[in-house]
Amino acid sequence: MKPTVASDLTALLCRGLTKRYGSVLAVDGLDLEVRRGECFGLLGPNGAGKTTTIEILEGLNRADAGTVEVLGQTWRTGQDRALRERLGIQLQETRFYDKYSVRETIGLFRSFYRRGPTPDEVIRRVQLEEKRDAWVMKLSGGQKQRLSVACALVNDPEVLFLDEPTTGLDPQSRRQLWELVDDFRSGGGTTLLTTHYMDEAERLCDRVAIVDHGKVIALGTPAELIATLDADHVVAISLDGDGDLEPAALEALPSVRRVRREGPTWALHVLAPHVAVPALLVEIERRGRGLASLTTHHATLEDVFVHLTGRTLRD
Amino acid sequence: MSIGHYLEHNGLWQLTRARTRGFLREPEAIFWVFVFPILLALALGIAFRVQKPQPLPVGIAPGAHGDAIARTLSAAPDLRVVSLPSAAEAEMALRTGKIVALIDSEDGETTASRAARTVSDGDAVPSLRVVYDPTRQENRLAQALVVDALQRGAGRVDPVHIEAVTRTQRGARYIDFLLPGIIGMNLLGTGMWGIGFPIATARQQKLLKRYMATPMRRSDYLLSFLFARIVWLLLEVAALYVFGWLVFGIKLTGSWAAYVVVVLLGALSFSSLGLLVVSRARTIEAVSGLMNVVMLPMWLLSGTFFSSARFPQVVQPLVQALPLTAVNSSLRALTNEAAGFAAVTPSLLLLAGWGLVSFVVALRIFRWE
Chain A
1 MKPTVASDLT ALLCRGLTKR YGSVLAVDGL DLEVRRGECF GLLGPNGAGK
51 TTTIEILEGL NRADAGTVEV LGQTWRTGQD RALRERLGIQ LQETRFYDKY
101 SVRETIGLFR SFYRRGPTPD EVIRRVQLEE KRDAWVMKLS GGQKQRLSVA
151 CALVNDPEVL FLDEPTTGLD PQSRRQLWEL VDDFRSGGGT TLLTTHYMDE
201 AERLCDRVAI VDHGKVIALG TPAELIATLD ADHVVAISLD GDGDLEPAAL
251 EALPSVRRVR REGPTWALHV LAPHVAVPAL LVEIERRGRG LASLTTHHAT
301 LEDVFVHLTG RTLRD
Chain B
1001 MSIGHYLEHN GLWQLTRART RGFLREPEAI FWVFVFPILL ALALGIAFRV
1051 QKPQPLPVGI APGAHGDAIA RTLSAAPDLR VVSLPSAAEA EMALRTGKIV
1101 ALIDSEDGET TASRAARTVS DGDAVPSLRV VYDPTRQENR LAQALVVDAL
1151 QRGAGRVDPV HIEAVTRTQR GARYIDFLLP GIIGMNLLGT GMWGIGFPIA
1201 TARQQKLLKR YMATPMRRSD YLLSFLFARI VWLLLEVAAL YVFGWLVFGI
1251 KLTGSWAAYV VVVLLGALSF SSLGLLVVSR ARTIEAVSGL MNVVMLPMWL
1301 LSGTFFSSAR FPQVVQPLVQ ALPLTAVNSS LRALTNEAAG FAAVTPSLLL
1351 LAGWGLVSFV VALRIFRWE
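Protein sequences appear in the order of chains A and B.
Residue 101 in our numbering sits at position 101 of the first sequence, with consecutive numbering throughout.
Residue 1263 in our numbering sits at position 263 of the second sequence, with consecutive numbering throughout.
Incorrect hints may appear among the rest.
Stated by the list, open to error - Distance condition first, Cα-Cα at most 25 Å in a straight line; then the derived DSS-like pairs of lysine-lysine:
1. Lys99(A) x Lys144(A)
2. Lys1052(B) x Lys1098(B)
3. Lys1209(B) x Lys138(A)
4. Lys1052(B) x Lys144(A)
5. Lys138(A) x Lys99(A)
6. Lys1098(B) x Lys99(A)
7. Lys1251(B) x Lys1052(B)
8. Lys144(A) x Lys1206(B)
9. Lys1209(B) x Lys99(A)
10. Lys138(A) x Lys1251(B)
Source of the hints: derived by calculation from the structure; they are not laboratory data.
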């Protein structure tokens, strides 16, 4: 068996990527490596540089500095059309022509590629059979988004780029779209997606890069990233009436790793809630305060982001 | 591989087909391309239809003995006498065009009494005044007819006998002039909008960017517009031509082949101009503004509704250099003057030049993102 060199396993590569718009540094020396067959997520708030990064990888935007490799090739070497034959791209805000049907739109995109499934096969995969002959203007937001993904699948791509694929969709449409991504991944394809939904990243991605201010600030599987908190749970409380708690006193409680104040709410990262919560209740009692609410949840990527930046993803 | 299968996977064919079909689904576009120019031609054709020559209305300023003049003038077949009760009304009638000439006396004596004396007695030196506006053709004609009728009435004998023979000429009506101009104007409008609007929309809605993310050839994208144009072009010119033929009896007197070439080259030239206009614009609004800047002067200067020969000599080089002037004058020469290829060759060269330069510049500066 031939030994595999590292680049054969790499689908996408960024090194020192930099892009400036006027005085705004959108991407600031970003490094990234996406392996073949994985679903990789760029997670970050709006304006973090996710779209700029993905569009540079797609060859639709140029970096000011740094290098990009897609399936071992670089852009603008005269081979762009051959490379595009192997990629599927969904952009954040494409509006397809209102008065073409689903079948006509997909057929048009299919005609740009040499190889790929038939338009009807693609329609079946994205479950738009019932809307096959409906005009684009008659589709719901979720159906339009599936059409957009369908147009990215007409050539059986090796790499699928999805930019904020579920933003603005209802829960059911989001799940339908997630299934599409699962199908593509189980067929061996590589996916790079951007999102500002931490649940989407956790649900879909093998690995996630958390991006903020144009830089990767954390990288790993969702589980690895959550493990960096060194606390599997978050206990959130809010109190009745005036007065305050001492952060130091809360941090000193057993099993508590750290404490954050988020407005009226205290968030405690804890290892074992069954140890921390009774002690916490005793502390509140001792201070003579009442409890307005107490919730616990498993730590998420959102908590990781808040821990790393001091802000929430929706800020 | 069958032809059907080949076409199914040919981007240029699919783009052209989509574009042609897309146009069919825009009722507004159908109206502006097919219905509007026909309605316009119909309205103007009816308003300026050829009528039996109407007698020209002339007025006689009030006076006691105007009857003799009135009788003399009424005998002339091309004049109609309008009686006017007061001097003020006579002035008003002349100013507003109710009459095109006014017979009046030079001094305090009333026109009518003095003229009556002159005409009936024949012994005094005749002294009449005809008031008219020499910048209006009808007024000048009326003045000549009035003078002629009064002189003959007073006993003038013509030394030479001239026989008048009347014959109505086809191709000299306003509609004969107008229809080729409307076809030219329509080619300009649909050529520019047919390219400008969809490209600006695709750019604004990020669809152009999405196409750029596929291996689609950029040349296929632009060519599909030109090809789709040709499909609709043939129908749009045919519709106007058949309308002119059926309703006004306008038929081509010159070369058919030259007519087709002028139409094709004109349309491609205007489409290239449209491509140039849309090559950088980011929004529909920007494109609309630029389109009007390009098209309005041509509508005015290129002789669509009236002859461009009316403009002064100084601006004629500009007028003659405009592509719409070339199309309009060629279509007119072919329709009404039995022209052949030779007569329209300079216009064809001009159109080819405009088209080529616009297309090349547009391609160089086109904004694909």
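- So which of those numbered hints doesn't the model satisfy? 4, 6 and 10
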